[in-house]
Amino acid sequence: AQSVTQLGSHVSVSEGALVLLRCNYSSSVPPYLFWYVQYPNQGLQLLLKYTTGATLVKGINGFEAEFKKSETSFHLTKPSAHMSDAAEYFCAVSFAGGYQKVTFGTGTKLQVIP
Amino acid sequence: EAGVVQSPRYKIIEKKQPVAFWCNPISGHNTLYWYRQNLGQGPELLIRYENEEAVDDSQLPKDRFSAERLKGVDSTLKIQPAELGDSAVYLCASSPNLRGRSSYNEQFFGPGTRLTVL
Numbered sequence: 489a490q491s492v493t494q495l496g497s498h499v500s501v502s503e504g505a506l507v508l509l510r511c512n513y514s515s516s517v518p519p520y521l522f523w524y525v526q527y528p529n530q531g532l533q534l535l536l537k538y539t540t541g542a543t544l545v546k547g548i549n550g551f552e553a554e555f556k557k558s559e560t561s562f563h564l565t566k567p568s569a570h571m572s573d574a575a576e577y578f579c580a581v582s583f584a585g586g587y588q589k590v591t592f593g594t595g596t597k598l599q600v601i602p
Numbered sequence: 564e565a566g567v568v569q570s571p572r573y574k575i576i577e578k579k580q581p582v583a584f585w586c587n588p589i590s591g592h593n594t595l596y597w598y599r600q601n602l603g604q605g606p607e608l609l610i611r612y613e614n615e616e617a618v619d620d621s622q623l624p625k626d627r628f629s630a631e632r633l634k635g636v637d638s639t640l641k642i643q644p645a646e647l648g649d650s651a652v653y654l655c656a657s658s659p660n661l662r663g664r665s666s667y668n669e670q671f672f673g674p675g676t677r678l679t680v681l
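Which chain is which? The protein sequence lines are A and B, in order.
Counting from 489, one number per residue, gives the positions in the first sequence under the working numbering.
Counting from 564, one number per residue, gives the positions in the second sequence under the working numbering.
The hints are simulated quantities; they were obtained by calculation from the structure and are not laboratory data.
Just so it is clear, the structure is predicted and the values come from calculations on it, not from any experiment.
All C-beta atoms in this analysis are idealised placements derived from N, C-alpha and C, irrespective of residue type, glycine included.
Take the hints with a grain of salt, since some may be wrong.
Not close to chain B: a few residues of chain A, all C-beta gaps over 12 angstroms, as computed [unchecked claim]:
hint : residue
1    : Leu495
2    : Leu534
3    : Lys546
4    : Gly550
5    : Ser558
6    : Thr565
7    : Pro567
8    : Asp573
9    : Glu576
10   : Gly593
11   : Gln599
12   : Val600
13   : Pro602
Below, a list of computed lysine-lysine pairs in the BS3-like style, where the Cα atoms sit at most 30 angstroms apart [stated by the list, open to error]:
hint : chain 1 : residue 1 : chain 2 : residue 2
14   : A       : Lys537    : A       : Lys557
15   : B       : Lys641    : B       : Lys578
16   : B       : Lys574    : A       : Lys597
17   : A       : Lys556    : A       : Lys537
18   : B       : Lys574    : A       : Lys589
19   : B       : Lys625    : B       : Lys579
20   : B       : Lys641    : B       : Lys579
21   : B       : Lys625    : A       : Lys589
22   : B       : Lys634    : A       : Lys589
23   : B       : Lys625    : B       : Lys578
24   : B       : Lys625    : B       : Lys641
25   : A       : Lys556    : A       : Lys546
26   : A       : Lys589    : B       : Lys641
27   : A       : Lys537    : A       : Lys589
28   : B       : Lys574    : B       : Lys625
Just chain A, with the same shape it has in the complex (with noise of 0.2 angstroms):
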């Protein structure tokens, strides 16, 4: 079995501050990572993934993420927080070998404080 535990639920950040959300997995198998952002009202976006390979991946809007194996982590960080980037962030898990079916965390909601 597979699951993502996100610690924090809120987090709260000054714009301009350093974004660290933190995400830890469970997997029997090596796992592929993920992590969605979903604006107000919106669905899920794709931020940034991990399958193979580098384990520090760089997605969009200046996010990136870091595949610690030995830590079973994949923290999110920016360096710099911006308004915009106010949203709830999911972090998921799921493995190689056709399809399999992604687990999400429960979530961390970002505040950006002016």
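We have chain A already, so just place chain B on it with the hints.
Frame of chain A; chain B shown alone:
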């Protein structure tokens, strides 16, 4: 390129009434998913279609939920009768054909239908 289209965007009904949601996936996407997203939670898969075939409906409450994708393009999800606990956002997503591929296949999400059952 048009994204995944869902309608209606909002629906308010009384309990025990029927309700239906419609989804039109991205053109050429053979795989279609319906998810339910409860307040404060991540999406949970209800059903997945490969073309017109429902290949994973293990999480669909079959006593009151039904879905169809008759021509392998657009899809309808129905609840009859609705219960208070069905209040949620129902998301549709689509992805390109998976056959013969072993790598990741991105899902593209629609804006969802927010259902309120009174």
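Requested in this report: Enumerate the violated hints, using their earlier numbering and listing them in ascending order.
Outcome: 2, 9, 10
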